[in-house]
Structures are given as structure tokens and as C-alpha cells.
Amino acid sequence: NAGVTQTPKFQVLKTGQSMTLQCAQDMNHNSMYWYRQDPGMGLRLIYYSASEGTTDKGEVPNGYNVSRLNKREFSLRLESAAPSQTSVYFCASSDWTVSYEQYFGPGTRLTVT
Amino acid sequence: TQLLEQSPQFLSIQEGENLTVYCNSSSVFSSLQWYRQEPGEGPVLLVTVVTGGEVKKLKRLTFQFGDARKDSSLHITAAQPGDTGLYLCAGPNSGGSNYKLTFGKGTLLTVNP
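Protein chains in written order, with my numbering: chain A, 2 to 114; chain B, -4 to 108.
Just so you know, these hints were derived from the structure itself, not from any lab. Among the hints, erroneous ones may be present.
Selected chain B positions facing chain A (Cβ under 10 Å, derived; list incomplete) [what the hints assert, rightly or not]:
#  : residue
1  : Pro3
2  : Tyr17
3  : Ser22
4  : Val23
5  : Ser26
6  : Gln32
7  : Gly35
8  : Glu36
9  : Gly86
10 : Pro87
11 : Lys95
12 : Gly99
13 : Lys100
14 : Gly101
Note that beta-carbon positions come from the ideal geometry of N, C-alpha and C, so glycine has one too.
Isolated chain A (complex conformation):
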């Protein structure tokens, strides 16, 4: 049981490049989330998918897009990376109808130069 997996673990981009962060969960959870974590700012919600087939903006969605590919997978895309998007990105999943607990992946450390 792998839980929540994220790829890649580390990434360096130049300003203007694009990339997609991948996330998958094997717990049959309905809801999935993308957060970014910056020093002193805590975890900030970028986008979420309350259930398969739906996605919604969180607190800081600008510059990002998401795709809920199926129940297991939820990807985050940066179309034109900016230095302000340098951060650690976490994917999480939950079955909030059972418990509010969110299960997190190991994170992707992204640097944009």
C-alpha cells in the first residue's frame, strides 16, 4: 500500500518553462488536493477535487491548472513557470465522508530560476 505518491521529487525549471507534477493515491479516496508550502506561509491550497470529475480553485490558483484524470490521479500543471512558484508542492487525498484526515505525499521541491 503506497498511499500517496508524487513525481518528481525534485525539479529545476527556467522561467517560462512548463511542467506537470503527478500525484496518485491507492486508497480509493474521493477527494484530492494540491498545496504549496513556503517558509512562514504554512500550507496553502492551490486546487482541489472534491470528487472525481470536479475541480475547484483554492486559495492561490493563479499560474496553475489541474486535471483529475481518474479517481486515483490528480495532476498539477505550471504552464509558464515563474520564480514566485519556487516552493515545495504537496498532494493530499482524503475520504472526508469518513474522516477529515488528509494523507500527504512526500512532496516535490521545485526551483524556478
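With the hints as your guide, set chain B onto chain A.
Just chain B, lined up with the frame of chain A:
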């Protein structure tokens, strides 16, 4: 908007000392969660408190939920280097969006040998 404020932001102590960290809000939460995040990893749930006044113990960690369900505390007895990490409190949003969590910014605890 529901906010969770955590204090202190940073705490550095010696092995064997006791400590308490706090999570406060002006809003009522139906429950509060405490997560621990170790360096380079995603947050992991420690406990959920649900009932006002509830006290839960997890080995040397004691969690309390305030009577009014607006605050919570985490007390660690005889801290060990393995307790080092970022401690986050979180609560489900109200108003029909309880599949999302509000996170505090965390307390970064360092326990020195």
C-alpha cells in the same frame, strides 16, 4: 474566513524538557487535527480531537481541545530529538465545504540532544 493561529512559531529546547504549543481561532471548529511534518516529508496525522474539553494522549504527547472548540494545545513531556519537526493544527471548513481543511502555519520544534 476561518483562521488558525499557532504559537510559538519556533521553539528550540533541550532533550528532556517539557513544552506546550498552541492553536487558537476566533471561530468554532467541529474538530481539530494535529499533524507532524518531519524534514523532507509530508505531514502525518497525529490525532483528531472532536469533543469540547477532550483530552487525548499519545505516549508522551497530550492533546486538548478547548471547551468552546476554538482552541487546542499540544503538550510534550520529556521531549526527545525524535520529536523534532513542524507541528500543524488543522480544522475542517464550515459552511458546506468541510472537505477542505484550514491549516495553521505551524510550530517548528527543535529538540537538541
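Going through the hints against the structure:
Interface hint at proline 3 of chain B: violated, since its Cβ lies 13 Å from the closest Cβ of chain A, which is beyond the 10 Å cut-off. For tyrosine 17 of chain B, the shortest C-beta to C-beta distance to chain A is roughly 15 Å, which exceeds 10 Å, and the interface hint is violated. Taking 10 Å as the C-beta cut-off, the interface hint given for serine 22 of chain B is violated, the closest approach to chain A being about 15 Å. Restraint check, valine 23 of chain B versus chain A: the minimum CB separation of about 15 Å is more than 10 Å; hint violated.
Given the 10 Å rule on beta carbons, the hint for serine 26 of chain B holds: about 7 Å separates it from the nearest Cβ of chain A. At its closest, the beta carbon of glutamine 32 of chain B sits 8 Å from a beta carbon of chain A; the interface hint therefore holds under the 10 Å criterion. Using the Cβ-Cβ criterion of 10 Å, the hint placing glycine 35 of chain B at the interface with chain A is satisfied: the shortest such distance is roughly 8 Å. At its closest, the beta carbon of glutamate 36 of chain B sits 6 Å from a beta carbon of chain A; the interface hint therefore holds under the 10 Å criterion.
At its closest, the beta carbon of glycine 86 of chain B sits 8 Å from a beta carbon of chain A; the interface hint therefore holds under the 10 Å criterion. Among the interface hints, the one on proline 87 of chain B holds; its C-beta lies about 5 Å from the nearest C-beta in chain A, closer than the 10 Å criterion. Checking lysine 95 of chain B against chain A: minimum C-beta separation of about 6 Å stays under 10 Å; hint holds. At about 7 Å, the closest approach between the beta carbon of glycine 99 of chain B and any beta carbon in chain A falls short of 10 Å, and the interface hint on this residue holds.
Because the beta carbon of lysine 100 of chain B sits about 4 Å from the nearest beta carbon in chain A, less than 10 Å, this interface hint is met. The interface hint given for glycine 101 of chain B is met, as the beta carbon of that residue sits about 6 Å from the closest beta carbon of chain A, less than 10 Å.
In summary, the numbered hints that this structure violates are 1, 2, 3, 4.
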